[in-house]
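Peer 1: These protein sequences, in sequence, are chains G and Y. Under my numbering, the first sequence is numbered contiguously, ending at residue 169. Under my numbering, the second sequence is numbered contiguously, ending at residue 1171.
Source of the hints: derived by calculation from the structure; they are not laboratory data. For glycine and all other residues, C-beta sits at the position ideal for the given N, C-alpha and C. The reader is advised that the hints may include incorrect statements.
As the list claims (entries may be wrong) - Within a straight-line C-alpha distance of at most 25 angstroms, the following computed DSS-like cross-link-like pairs (lysine-lysine) qualify:
(1) G:Lys7 to Y:Lys1169
(2) G:Lys34 to G:Lys6
(3) G:Lys7 to G:Lys51
(4) Y:Lys1169 to G:Lys34
(5) Y:Lys1169 to G:Lys6
(6) G:Lys34 to G:Lys51
(7) G:Lys6 to G:Lys51
(8) G:Lys34 to G:Lys7
Said to hold, decoys possible - With beta-carbon atoms standing in for the labels, derived distance ranges:
(9) G:Ser169 to Y:Lys1169: 42 to 48 angstroms
(10) G:Ser144 to Y:Ile1119: 26 to 32 angstroms
(11) Y:Thr1028 to G:Lys6: 19 to 25 angstroms
(12) G:Ala140 to Y:Thr1117: 17 to 23 angstroms
(13) Y:Asp1031 to G:Asn55: 30 to 36 angstroms
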Amino acid sequence: MPVTYKKIASVTVGAGGAATMDFNSIPGTYTDLKLIISAKTNAASISDFTKIRFNGVSTSYSNRNVYGQSGSPFSSTNTEILASCNGNNSTASTFGNSEYYLPNYTGNTNKSVSVDSVSETNGTNDTYAWLAAGLWSNTAAITSISLSPFNGTSFNQYSTATLYGISKS
Amino acid sequence: MPATYENIATTTLGSSQANIDFTNIPGTFTDLVVIATLKRAAAGALDANIRVGNNSFDTGSNYSTTLLYGTGSAAGSTRFANQTSILADYYGSVNDTNEHIAIYQFMNYSNTTTNKTVIIRANRASSGVDAIVGLWRSTSAINQIRITLDLGGAQLMASGSTITLYGIKAA
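Starting from the given sequences, assemble the full structure and let the hints guide the process.
Peer 2: Right, dumping it as structure tokens:
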């Protein structure tokens, strides 16, 4: 019986950090992709965000989100698809977690993304429970994914990302 | 080694229709996950609705929904009690583009002890993002799920709309 939910590849950032976490030559044999991330960046802040690039293309991204920090929730838009993660000033050894779900990633329609993410620190503000609806307005099949910090310049050591393929048949 | 995450069924519409149903869902899994990418056959946005049941769809006022939404300029929360369906999206609704994604997770769907809960994430980047919890006030096992844009059947999902049902096993 074919495996429905299969790990494609995993990246772990080593000593010295890394500017990106990349997945190349993604096979087109699955139906959907799921990306699970644990990340902390070198941004001099408590929180940062992870930015995503498909096929090396830097244009045509949009994001509509709802998030909570404390008190009332907020909502905003962005021209990037973002997931929250921890920045370098957050509690030591604490990383933000996020999940991206990409259905029909090989299809010939624009690519929608569902993002659930959190960052946390032992403090009173500046961390997020962050949900987003993302869109890459590009009809190309996704063959590569690159993650990079939105504010910082590198992911800290021990940041990880794992890409899974999900098959509907 | 038994599979933990299995595809149970998938439907991709070849023509417009009112509902997508999954029936005779086996009770051998622990949880269910539904991935829906829906498109409306007509212009404008509508909310998808969910009905469930055991050998027949419950059409009574036995459902409720609580949701958190973001529109890009406003965030809020609302709830609906004693409804005839679970609201499957709000601002992350379905229109005539290919943007909609929703993930529905039915936990412990086949037990006969508790009422049934579903957690939903619905997204449409041009409109909004929703986090939803739905409740079916019945201790019956779920073996049928219906997703519809219109409980009356007048509004249709477009060709290409796809819903896939997965089962997850705890052991």
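Peer 1: Take the hints in turn and mark each one as holding or not.
Peer 2: Now the hints, each set against the structure:
| no. | hint | in the structure |
| --- | --- | --- |
| 1 | G:Lys7 to Y:Lys1169 | holds (18 angstroms) |
| 2 | G:Lys34 to G:Lys6 | holds (10 angstroms) |
| 3 | G:Lys7 to G:Lys51 | holds (22 angstroms) |
| 4 | Y:Lys1169 to G:Lys34 | holds (19 angstroms) |
| 5 | Y:Lys1169 to G:Lys6 | holds (15 angstroms) |
| 6 | G:Lys34 to G:Lys51 | holds (15 angstroms) |
| 7 | G:Lys6 to G:Lys51 | holds (24 angstroms) |
| 8 | G:Lys34 to G:Lys7 | holds (9 angstroms) |
| 9 | G:Ser169 to Y:Lys1169: 42 to 48 angstroms | violated (19 angstroms) |
| 10 | G:Ser144 to Y:Ile1119: 26 to 32 angstroms | holds (31 angstroms) |
| 11 | Y:Thr1028 to G:Lys6: 19 to 25 angstroms | holds (21 angstroms) |
| 12 | G:Ala140 to Y:Thr1117: 17 to 23 angstroms | violated (38 angstroms) |
| 13 | Y:Asp1031 to G:Asn55: 30 to 36 angstroms | holds (33 angstroms) |
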